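Q: Each chain, letter by letter, is given below.
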Amino acid sequence: MIVLENVSKSFGSHRVLRGLDLEALDGETTTVIGGSGTGKSVTLKLMVGLLKPDQGRVLVDGQDVAVLGERALSLVQRKFGFLFQGAALFDSLTVAENILFGVRYLKPEALMEGNKIVDRCLAQVGLKSDVARLKPAELSGGMKKRVGLARAIAHEPAYIMYDEPTTGLDPMMSDVINELIVQIRETLKVTSIVVTHDMKSAYQISNRIVMIHEGRRVAQGTPAEVQATDNPMLRQFITGSSHGPIQTQVLKD
Amino acid sequence: MRPVKVLFRIFTERWLSLAETVGRVVVLLRKTVYWSVRAPLDRSVVFAQMGEIGVKSFPVTSLTALFTGMVLALQTGFSFRRVFNEPLYVGTVVGLSLLKELGPVLTAVVVAGRVGASIAAEIGTMKVTEQVDALYTLGTNPIRYLVVPRFLACLAMVPLLTVYADAVGILGGYLVAHGRLAVPSSVYWDEINAIQVREALHGLIKSVAYALIIVTTACHKGLQTEGGAEGVGRSTTDAVVVSMVLILVSDYFLSAVLVSFGIG
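Keeping their order, the protein sequence lines are chains D and C. Be aware that the first sequence starts at -17, since it is given in the working numbering, and climbs by one per residue. Be aware that the second sequence starts at 1256, since it is given in the working numbering, and climbs by one per residue.
Source of the hints: derived by calculation from the structure; they are not laboratory data. Careful, some of the hints might be misleading.
[Said to hold, decoys possible] With a straight-line Cα cutoff of 25 Å, these simulated DSS-like cross-link-like pairs (lysine-lysine) come out:
{"hint": "1", "chain 1": "D", "residue 1": "34", "chain 2": "C", "residue 2": "1311"}
{"hint": "2", "chain 1": "D", "residue 1": "117", "chain 2": "C", "residue 2": "1311"}
{"hint": "3", "chain 1": "D", "residue 1": "110", "chain 2": "D", "residue 2": "98"}
{"hint": "4", "chain 1": "C", "residue 1": "1286", "chain 2": "D", "residue 2": "89"}
{"hint": "5", "chain 1": "D", "residue 1": "89", "chain 2": "D", "residue 2": "171"}
{"hint": "6", "chain 1": "D", "residue 1": "117", "chain 2": "D", "residue 2": "98"}
{"hint": "7", "chain 1": "D", "residue 1": "182", "chain 2": "D", "residue 2": "171"}
{"hint": "8", "chain 1": "D", "residue 1": "171", "chain 2": "D", "residue 2": "61"}
{"hint": "9", "chain 1": "D", "residue 1": "89", "chain 2": "D", "residue 2": "110"}
[As the list claims (entries may be wrong)] Some chain C residues close to chain D (C-beta under 10 Å, calculated; not the full set):
{"hint": "10", "residue": "1286"}
{"hint": "11", "residue": "1333"}
{"hint": "12", "residue": "1352"}
{"hint": "13", "residue": "1373"}
{"hint": "14", "residue": "1381"}
{"hint": "15", "residue": "1384"}
{"hint": "16", "residue": "1385"}
{"hint": "17", "residue": "1386"}
{"hint": "18", "residue": "1387"}
{"hint": "19", "residue": "1388"}
{"hint": "20", "residue": "1389"}
{"hint": "21", "residue": "1391"}
{"hint": "22", "residue": "1393"}
{"hint": "23", "residue": "1492"}
[To be verified] If you anchor each label on the Cβ, the simulated ranges turn out as follows:
{"hint": "24", "chain 1": "D", "residue 1": "223", "chain 2": "C", "residue 2": "1293", "range": "52 to 62 Å"}
{"hint": "25", "chain 1": "D", "residue 1": "52", "chain 2": "C", "residue 2": "1430", "range": "36 to 46 Å"}
{"hint": "26", "chain 1": "C", "residue 1": "1257", "chain 2": "D", "residue 2": "229", "range": "26 to 36 Å"}
{"hint": "27", "chain 1": "C", "residue 1": "1483", "chain 2": "D", "residue 2": "-5", "range": "40 to 50 Å"}
{"hint": "28", "chain 1": "C", "residue 1": "1430", "chain 2": "D", "residue 2": "90", "range": "46 to 56 Å"}
{"hint": "29", "chain 1": "C", "residue 1": "1258", "chain 2": "D", "residue 2": "229", "range": "30 to 40 Å"}
{"hint": "30", "chain 1": "D", "residue 1": "-12", "chain 2": "C", "residue 2": "1503", "range": "16 to 26 Å"}
{"hint": "31", "chain 1": "D", "residue 1": "223", "chain 2": "C", "residue 2": "1257", "range": "24 to 34 Å"}
{"hint": "32", "chain 1": "C", "residue 1": "1297", "chain 2": "D", "residue 2": "198", "range": "58 to 68 Å"}
{"hint": "33", "chain 1": "D", "residue 1": "214", "chain 2": "C", "residue 2": "1500", "range": "17 to 27 Å"}
{"hint": "34", "chain 1": "C", "residue 1": "1500", "chain 2": "D", "residue 2": "89", "range": "51 to 61 Å"}
Only a predicted model underlies this, so the values are computations on that prediction, with no experimental measurement involved. Glycine residues also receive a C-beta, built at the ideal position from the N, C-alpha and C atoms.
The following block holds chain D by itself, in its conformation from the complex (with noise of 0.2 Å):
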């Protein structure tokens, strides 16, 4: 279970999260959505240990990842899948390389079976065999998603972090992806955290959906719960409403 308790963060004079408390239950996939620079991307670095908060602490499975040192933080982040927003492939590797760079560091003596890893890795997320020769720059955007998420599962994690996984992907693809993801908590029984801020693939995929607005906690429910909610701030979110508690900003002529 991941836990983040009163965590604030800020860079430089610009205070991103703000008292911040959020659960992650195991075995479910919880989804933070929020507008564009509420922390939700900062959210997820902060669990896997990438970023340290100023304030508050950030418990996975009960160790504060905040004051571990350089091994033990190793060792917890061992525990964790990235997906990341643009997939951060190593262009310099094939996709078979990418899949098993993971497997080389992390579970070495799985590699003797590195083409099997390959194969299962890449039949989970809907890609062929053959795909494994390809350099990242000869894929599509969801193929590259997809071999992010092959790759975020290789060395069989506890646990998927997915960094906006629909962003810039066709309506279609975005299904796929969605579809992905429960099938992968489904298959895998991994506790999924997914940061979005598109509707339809979080209540296709929730268990739970925590919205952050101004670096806090806002709402939280079921998606039946947030679908029926008379919280002014998560239904102006949700029904995408220009107008209402959340400023938006326009600039006009």
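Since chain D is already given, all that's left is putting chain C on it; use the hints.
A: Coordinates of chain C only, in the frame set by chain D:
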């Protein structure tokens, strides 16, 4: 009073920023040395970087060193002929200048321009596209994976390139001294042979220091990159400019220290 306060604030901020940068570079260097010693060496990656950093720098180093040696011989020969009526000491001047100063400095400047920019741009691009973050999540320390192979390759190849540049420069000097100034071959090569080992060592030690400057600056700038393509461009430029300035400034201090220890 207000302008004084503002100036004081700016001055303080600049010094704090400089101190912070120096601190970061020292930490990077410490971690790089730690991983270089501790982690098992991925020889194929290091050899690939040696090819990228060293082998691909040979053509431009050859050209730079050859013409530097040639122009050095030409200027020395004509100047000495004007004073002494003969092109005296051309071999000595060319040899000592190249071995102690021009060989290491020019090689370092060439490598800083070609390799420093490339390292900063590559690591910087990986930083802004979250590939560096991806390394952490895949159980790999970016310093171990990205910095160490470049660090070791640079430390091996820059001194090697310097020795090569010295040889090519001396050969270029010989072509002009013998072909244009009519200095007898035996005179030129006797003067070169008279140069002592410690004088050649002077330049070699400096080349190791320059390698350290180039690779540390480039990797640091790359890992600190922020802000997309514009940030990558800024890091690349900074890496080259800072490396070159540090090479030229440290040249004086290194020379002074080495001479005081009787090396050169």
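Q: Are any of the numbered hints broken by this structure? If so, which, sorted upward?
A: 1, 11, 12, 13, 23, 25, 27, 30, 31, 32, 33 and 34
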